[in-house]
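Asks: Listed below are the residues making up each chain.
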Amino acid sequence: MDSSHGSPPVFNNKVIAWIDHRLPIFSYMEKEYRTFPTPRNFNYFWNFGAIATVMLVLMIATGVVLATNYTPHTTMAFDSVERIMRDVPSGWVIRNLHAVGASFFFIAVYIHIFRGMYYGSYKAPRELLWLLGVVILLLMMATAFMGYVLPWGQMSFWGATVITSLFSAIPVVGDSITTWLWGGFAIDNPTLNRFYALHYLLPFVIVGVVALHVVALHVHGSNNPLGIDPKGPQDTVPFHPYYTMKDGFGLMVFLIVYAGFTFFAPNLLGDAANYIPANPLVTPTHIVPEWYFLPFYAILRAIPDKLGGVLAMFGSIAVLFILPWLDTSRVRSCTFRPIYKWFMFVLVADVVMLGFCGANPPEGFWVPLAQIGTLYYFFHFLILLPVLGKIERPLPLPSSIADAVLKKKAG
Amino acid sequence: MRRTIVSAAIALAALTAGAVAIAAETVTASEAEQHPPHRHWHFEGPFGTYDRAAAQRGYQIYAEVCSACHSLSLLAYRNLKELDLTENQVKSLIKDFQVPDLNDDGQPIERPARLSDPFKKPFPNTAAAAAANNGKAPPDLSVIIKAREGGADYVHGVLTGYVPFDKLSPEQIKEFSVTKDDNFNKYFPGHKIAMPPPLSDDKVTYADGTKATLDQEASDVTEFLAWASEPHMEARKNTGVRVILFLLAMAGLMYVVKRLVWSDKH
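So the sequences go chain by chain: A and B. What the first sequence shows, in this note's numbering, is residues 1 to 411, in sequence order. What the second sequence shows, in this note's numbering, is residues 1 to 266, in sequence order.
Hints listed in this document are in silico derivations from the structure and should not be mistaken for laboratory results. Built from N, CA and C at the ideal position, the CB exists for glycine as well. Some clues are possibly wrong.
Stretch by stretch, here's where chain A covers chain B in the computed footprint (C-beta under 8 Å, at least three residues) [to be verified]:
hint	region
1	146-155
2	242-253
3	256-265
What follows is a set of in silico ranges between Cβ atoms, one per label pair, in the way DEER data are often shown [to be verified]:
hint	chain 1	residue 1	chain 2	residue 2	range
4	A	Val-162	B	Thr-126	55 to 65 Å
5	A	Pro-304	B	Val-241	43 to 53 Å
6	A	Leu-198	B	Ala-128	32 to 42 Å
Using 25 Å as the maximum straight-line C-alpha spacing, the simulated SDA-like pairs for lysine to any residue come out as follows [as the list claims (entries may be wrong)]:
hint	chain 1	residue 1	chain 2	residue 2
7	B	Lys-136	A	Pro-280
8	B	Lys-136	B	Phe-165
9	B	Lys-203	B	Phe-165
10	B	Lys-146	A	Pro-280
11	B	Lys-120	A	Asn-279
12	B	Lys-95	B	Ala-76
13	B	Lys-186	A	Ala-273
14	B	Lys-237	A	Val-88
15	B	Lys-121	A	Thr-71
16	B	Lys-146	A	Asn-279
17	A	Lys-409	B	Val-257
18	A	Lys-408	B	Lys-258
19	B	Lys-203	B	Asn-185
20	B	Lys-258	A	Pro-230
21	A	Lys-31	B	Ser-263
22	A	Lys-306	A	Trp-325
23	B	Lys-136	A	Ile-287
24	B	Lys-258	A	Phe-36
25	B	Lys-203	B	Ala-132
26	A	Lys-14	A	Ile-25
27	B	Lys-192	B	Val-65
28	B	Lys-258	A	Phe-42
29	B	Lys-121	A	Asn-279
30	B	Lys-146	B	Asn-79
31	B	Lys-265	A	Asn-279
32	B	Lys-258	A	Gly-260
33	B	Lys-265	A	Pro-230
34	B	Lys-174	A	Thr-285
35	B	Lys-211	B	Ser-92
Okay, chain A solo, but in the shape it has when bound:
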């Protein structure tokens, strides 16, 4: 096989050549994953797209195996999960990989999102790429929420109660929507059944949107830590083997941490109350969602009005959809934005603080703290971002990626 930039590859293997002439999958792989010109200056933040993809595949693979052993019925779901843990050969590995995997999928995706925000990857011409990413995040949240309901523990049941009841805040049609979601007048077997069906369906929808995300990525190629466009071959390297190997290394390090939790602390990120079978007559003292929803849960509870809280929570994701147009700065990377750079860290601190607020009961100083956090979250996106882009004076950009890389080597 021989190929160079621009010209289509020539395959020596006759079978491959025959197939490729009719269905160019080999040319496609060659072009998009081997010779694909990629900026040469990625840091390790750029690993997390590949890591998230691997986690998606891993979640689907373990999920399909779990589905073959799980029973979606209110009287049997809890015991069937425990049966997987006890009696299904190696069932405990699969179940722990899946349960802990949900957390690590979110860790990978949250780092991936931070990367995109810090280095301005959402800016022209990558707005649609970013929007598709936010769609993936929303789908992941829906999938994770419904998956958490399936073991039918106390947090499954009461988490589902809290979240589905949010829709009743919608004026006029709210109650009808809630009844429709539940499949009845309370959370019961029909709810569990439809959540199971959707929890199995949505991951494949995510795969579809990820495919679009990758197609959009490959139109203009990846952004990079400098946020400037590659100007020629000296600024890029072929995707394979340079980034396949770098992603491979990063993936292994990520998997070590993931395996550490899966095999040595599988319940650390979960709630003990979810090992108590669901009981509609006993409300747990603190209903808390999984850790990856805590900041949004804090925003929901920060607003004293139910509809207002629901709107604020959905608004906190909705602002991400308009992020490319809220940012008025022409410079992508925070490396060259001396002021905004700090506010990025403040935003991270704010979201972490909201996470703590979400984990604690809404009383005492947690309430004003969550309100300040919520206010700041929206202030960051709706006011700071548009205004700062106008008044901030960015540092001078390097003339090219190669130039900056070589200067760094020399200095």
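Guided by the hints, dock chain B onto chain A, whose structure is given.
Replies: What follows is chain B alone, placed relative to chain A:
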């Protein structure tokens, strides 16, 4: 101008971090007095295993004391073989147990328990369990160690944390409105617990000659329940060690390959 904004941003970040730290501090302080003390467990840590002798003694406690009220529905008698008991030993443990079944004519009967039977339940159903226990069914103990904040420490704490009425301070009696008929437990949330003190010194006579103190009994039954909550814990940790060793080797290899591949670009 820029300097002011930057310092404002840093100050804000520091403030948030401080607030979170203080918040975390207050939470631990207010909840500290209710937490049972941490004990060292044989199954702790990345290489911890179940103490089989303790778990066998713990089974004896369960069978002679707890099983009068608490079911262990996710376990079958055959599982006891995992506690280093032979098949014949398990058979002799269950030889007097009668379990409900149906005969060939579909009539309910009682027959001797087999290894394949799940642990016999003390009550035919939850309603009967609740009716016999002042309206609230005693919880199933199959996953109790996983289902309580604090796990083994909490279960041990509750079993040993009873305070007799005459030892309570007037403030405690007033604050929690305790009467002579209530059971006061230091570590149970709300302190008033329906379960009367289940264990005491010499509640059982251990077959292996171990002295049956309250603390010993509570530790043993907790060890047994920890095993019952997660019978595959040892396999989990063993596999984990091998998985992580493999991933470390793989990461090292990938790092070397990555360095070699990139050597012409650096």
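Asks: Take the hints in turn and mark each one as holding or not.
Replies: Hints versus structure:
no. : hint                              : in the structure
1   : 146-155                           : holds (count 5)
2   : 242-253                           : holds (count 6)
3   : 256-265                           : holds (count 5)
4   : A:Val-162 x B:Thr-126: 55 to 65 Å : violated (25 Å)
5   : A:Pro-304 x B:Val-241: 43 to 53 Å : holds (51 Å)
6   : A:Leu-198 x B:Ala-128: 32 to 42 Å : holds (37 Å)
7   : B:Lys-136 x A:Pro-280             : holds (14 Å)
8   : B:Lys-136 x B:Phe-165             : holds (23 Å)
9   : B:Lys-203 x B:Phe-165             : holds (21 Å)
10  : B:Lys-146 x A:Pro-280             : holds (21 Å)
11  : B:Lys-120 x A:Asn-279             : holds (23 Å)
12  : B:Lys-95 x B:Ala-76               : holds (14 Å)
13  : B:Lys-186 x A:Ala-273             : holds (21 Å)
14  : B:Lys-237 x A:Val-88              : holds (18 Å)
15  : B:Lys-121 x A:Thr-71              : holds (23 Å)
16  : B:Lys-146 x A:Asn-279             : holds (17 Å)
17  : A:Lys-409 x B:Val-257             : holds (21 Å)
18  : A:Lys-408 x B:Lys-258             : holds (20 Å)
19  : B:Lys-203 x B:Asn-185             : holds (19 Å)
20  : B:Lys-258 x A:Pro-230             : holds (22 Å)
21  : A:Lys-31 x B:Ser-263              : holds (24 Å)
22  : A:Lys-306 x A:Trp-325             : violated (29 Å)
23  : B:Lys-136 x A:Ile-287             : holds (22 Å)
24  : B:Lys-258 x A:Phe-36              : holds (18 Å)
25  : B:Lys-203 x B:Ala-132             : holds (23 Å)
26  : A:Lys-14 x A:Ile-25               : holds (15 Å)
27  : B:Lys-192 x B:Val-65              : holds (21 Å)
28  : B:Lys-258 x A:Phe-42              : holds (13 Å)
29  : B:Lys-121 x A:Asn-279             : holds (20 Å)
30  : B:Lys-146 x B:Asn-79              : holds (18 Å)
31  : B:Lys-265 x A:Asn-279             : violated (61 Å)
32  : B:Lys-258 x A:Gly-260             : holds (24 Å)
33  : B:Lys-265 x A:Pro-230             : holds (16 Å)
34  : B:Lys-174 x A:Thr-285             : holds (23 Å)
35  : B:Lys-211 x B:Ser-92              : holds (23 Å)
The structure shown violates the earlier hints numbered 4, 22, 31.
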